[in-house]
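Each chain, written out:
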Amino acid sequence: MTTEFRTATDPVISVRNLHKWYSGVHALRGVSLDFARNEAVGLVGDNGAGKSTLISILSGLNQPDEGELFVDGRPVRMRGPRDAMDLGIETIYQYNSMVPSMSIARNLFIGREPLKASLFGIGVLDEARMRAESVAAIADVDLHLRSPDALVGELSGGQRQGVAIARAMHFKSKVLILDEPTNHLSVKETNKVIGFVRSLAAQGVTGIFISHNMHHVFACCDRVVAMAHGRVVLDKPIGETSIEEVHEVL
Amino acid sequence: MRRLLKTFLQKPELAAALLLVLLVVLFQWQSNGVFLSQANLRGVLGLLPEMALVAVGVTLLMICGEFDLSVGSVFALMPMSMAVLMTQGWPFLPAMAAGLLVCALIGLLNGWVTIRFAIPSFIVTLGMLFMARSLTVVISGGFPPRLDMARIPEEIFIGFVGPGGILRASFLWFLGIAILVSLLLSRTNFGNWVRATGGFLPAAQAMGIPTARVKIACFMICSILAGFAGMIQVLRVGSPLPSMGEGLELAAVAAAVIGGTALTGGIGSILGGVIGATLIRVIDNGLVLSRVDSNWFKFAIGALTILAVVGNAWLRKRGRAMKVEG
Ligand SMILES: Nc1ncnc2c1ncn2[C@@H]1O[C@H](COP(=O)(O)OP(=O)(O)OP(=O)(O)O)[C@@H](O)[C@H]1O
Ligand SMILES: [Mg+2]
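Residue numbers (my numbering), protein chains in the order written: chain A, 1 to 250; chain B, 251 to 576.
Simulated from the structure, these hints should not be mistaken for lab results.
The model shown is predicted, which means the values in this text are computed figures rather than measured ones.
Check before you lean on any hint, since a few could be wrong.
[As the list claims (entries may be wrong)] Simulated restraints, written as ranges between beta carbons of each label pair:
| hint | chain 1 | residue 1 | chain 2 | residue 2 | range |
| --- | --- | --- | --- | --- | --- |
| 1 | A | His215 | B | Ile429 | 36 to 46 Å |
| 2 | A | Tyr95 | B | Pro341 | 52 to 62 Å |
| 3 | B | Arg437 | A | Asp86 | 45 to 55 Å |
| 4 | B | Val275 | A | Asp149 | 31 to 41 Å |
| 5 | A | Ile122 | B | Leu425 | 44 to 54 Å |
[Unchecked claim] Simulated crosslink set (DMTMM-like; lysine to aspartate or glutamate; CA at most 20 Å straight-line):
| hint | chain 1 | residue 1 | chain 2 | residue 2 |
| --- | --- | --- | --- | --- |
| 6 | B | Lys567 | A | Glu154 |
| 7 | A | Lys116 | A | Glu133 |
| 8 | B | Lys548 | B | Glu496 |
| 9 | A | Lys188 | A | Asp140 |
| 10 | A | Lys236 | A | Asp222 |
| 11 | B | Lys256 | A | Asp149 |
| 12 | B | Lys567 | A | Asp222 |
| 13 | B | Lys261 | A | Asp149 |
| 14 | B | Lys261 | A | Glu133 |
| 15 | B | Lys256 | A | Glu154 |
| 16 | A | Lys188 | A | Asp142 |
In this text, a Cβ means the ideal position worked out from N, Cα and C, and glycines have one as well.
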């Protein structure tokens with residue numbers, strides 16, 4: 001068995017021959033990839049290449065029509081986002097995964113609320129703890145916000161992204177997936193996200209970073225994977241390729 | 251201080267609460283003090299729970315991002331089922347339980363069809379409005395059955411309580427239920443899921459919330475409260491009429507909206523829905539006391555609904571734009 005010989009270089013996530021159809025659209029056409037521990041992988045590709053579809057499968061939001069998924073060498077079948085979270089896979093989605101009409105503290109704990117007492121899974125929120133922990137989580141990612149009670153809808157795009165990152169880090173993930181996190185961000189805020197992706201390895205987190213900007217990918221990733229029309233068309237360490245080569249295959 | 255004002259301005263039920271105070275003062279003055287007299291309050295507070303209970307359920311469901319137009323029909327179907335069972339010899343409690351079970355099933359069906367077939371709940375519950383009403387008439391057999399009050403501990407639900415009998419027990423039931431639902435919404439993880447589901451469904455789903463089950467639970471709570479409210483009215487009146495509760499669904503939506511609940515979901519409060527329902531009752535009663543032609547009642551409610559939405563949007567914007575330091 002592979003698990004008995006696991007080493008530090010064994011992949012934390014592997015996918016084999018993934019296929020996904022959306023009523024007629026063949027969005028993934030046999031994708032096989034390995035994500036090594038503490039590695040930052042840049043995932044690039046044209047609009048509609050299948051990047052979001054691939055990560056929606058890794059984060060449990062979608063199920064593949066064909067193919068296998070391994071986490072820590074074990075085959076897994078995820079039935080929902082909670083399964084992925086429980087396996088240590090956190091995702092920051094392309095279309096913000098925040099509820100604008102709710103406060104920062106409430107957003108941080110959606111679906112994973114700390115409870116004072118509960119019965120059959122329904123219980124009383126520990127609001128003091130939610131506020132205290134969200135203040136700490138936000139400070140941890142170097143974000144400065146007025147109050148955990150501010151509505152997410154009142155934050156700027158960059159601040160929202162920061163809260164999403166704070167949430168992912170707070171739940172101490174093994175793998176962090178970021179789907180186009182630098183969209184609509186200022187240069188300063190973009191640099192912050194890039195610095196953050198670069199710091200993941202030191203925190204023992206594997207990063208999967210999706211972007212349309214090659215410079216961003218080359219600035220913070222160890223490896224680049226390019227997708228086109230639902231297939232992987234290039235997969236190389238950053239040191240062995242160039243922005244030009246990646247552009248060529250897309 | 252400014253922050254306090256800001257939080258206050260952003261409360262969705264604020265406009266309605268201010269208006270309520272204003273109207274009470276106006277009617278009190280117009281009616282030469284009759285409005286707040288014990289006899290009049292007794293009448294207003296005695297009727298209030300019936301519509302307000304429906305409004306509580308509708309508000310919860312709207313915050314979850316869905317509609318229920320069938321509450322008026324369920325309001326009639328529950329007591330009718332109960333009365334029919336009782337004429338067949340069922341004791342009160344099992345008959346009441348069966349009636350509430352019917353409501354729960356209707357809520358379950360509303361929610362399941364809405365989610366399973368991805369249809370707007372507006373349409374599903376519009377269909378249910380007709381079906382439940384029709385069922386009510388069919389099982390009544392054309393003759394509204396009389397309730398045998400001797401077999402019903404109606405005091406528990408509608409008896410007069412409090413100093414001078416100013417309140418009916420139904421008011422206490424309503425108060426207890428409203429507080430319970432309000433706490434459920436604001437203090438529990440379930441409430442957090444309701445707001446997330448109604449506020450931005452994709453985010454709620456991405457965070458692993460069982461949104462289908464949350465919605466169905468809200469549909470069921472809404473139906474059960476409507477049925478319970480209908481039962482209270484029938485105990486007060488003595489006999490279930492097949493036509494009772496007609497138009498109640500729209501009054502309940504108006505109450506929720508007047509109380510600051512957004513039609514798009516995610517925003518609102520139970521307190522707001524209760525204030526909205528109270529406003530509607532107060533206007534109804536106040537117009538009568540002021541000897542205004544009662545046909546103006548619906549005009550007033552309609553105007554108020556629009557006014558409240560405009561007013562709330564304006565207040566919220568002012569609140570948001572307000573700068574607070576630190
Ligand atoms: N929910 C869906 N229903 C139907 N088709 C879908 C759905 N999601 C994605 N697709 C299709 O699958 C293909 C891959 O889409 P995907 O979102 O994975 O692309 P992407 O690489 O993330 O693109 P972008 O860079 O624009 O975000 C596209 O052709 C898209 O139209
Ligand atoms: Mg995408």
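Okay, the hints, checked on the actual structure:
Our hint of 36 to 46 Å for A/His215 and B/Ile429 is violated, since their Cβ atoms are close to 57 Å apart. For the pair A/Tyr95 and B/Pro341, the supplied restraint of 52 to 62 Å holds, since their beta-carbon distance comes to about 55 Å. For the pair B/Arg437 and A/Asp86, the supplied restraint of 45 to 55 Å is violated, since their beta-carbon distance comes to about 26 Å. The hinted range of 31 to 41 Å is satisfied by B/Val275 and A/Asp149, whose Cβ atoms lie roughly 33 Å apart.
The hint said 44 to 54 Å for the Cβ distance between A/Ile122 and B/Leu425, and at roughly 22 Å that hint is violated. The suggested pairing of B/Lys567 with A/Glu154 holds, with an alpha-carbon distance near 11 Å, which does not exceed 20 Å. Annotation: proposed proximity of A/Lys116 to A/Glu133 holds, straight-line Cα distance about 15 Å (limit 20 Å). With a CA separation close to 14 Å, the supplied pair B/Lys548 and B/Glu496 stays within the 20 Å bound.
Simply put, A/Lys188 and A/Asp140 have alpha-carbon atoms about 18 Å apart, close enough for the 20 Å limit, and the pair holds. The hinted pair formed by A/Lys236 and A/Asp222 meets the criterion: a straight-line CA distance of about 9 Å does not exceed 20 Å. With a CA separation close to 12 Å, the supplied pair B/Lys256 and A/Asp149 stays within the 20 Å bound. Our distance criterion of 20 Å between C-alpha atoms is broken by B/Lys567 and A/Asp222, whose separation comes to about 46 Å.
For the hint pairing B/Lys261 with A/Asp149, the CA-to-CA distance comes to about 13 Å; that is within 20 Å, so the pair holds. Proposed proximity of B/Lys261 and A/Glu133 is contradicted: the alpha carbons are some 25 Å apart, above 20 Å. Using a Cα cut-off of 20 Å, the hinted pair B/Lys256 and A/Glu154 holds, with the two alpha carbons roughly 13 Å apart. Annotation: proposed proximity of A/Lys188 to A/Asp142 holds, straight-line Cα distance about 13 Å (limit 20 Å).
Checked against the numbered hints given earlier, this structure breaks hints 1, 3, 5, 12, 14; the rest are met.
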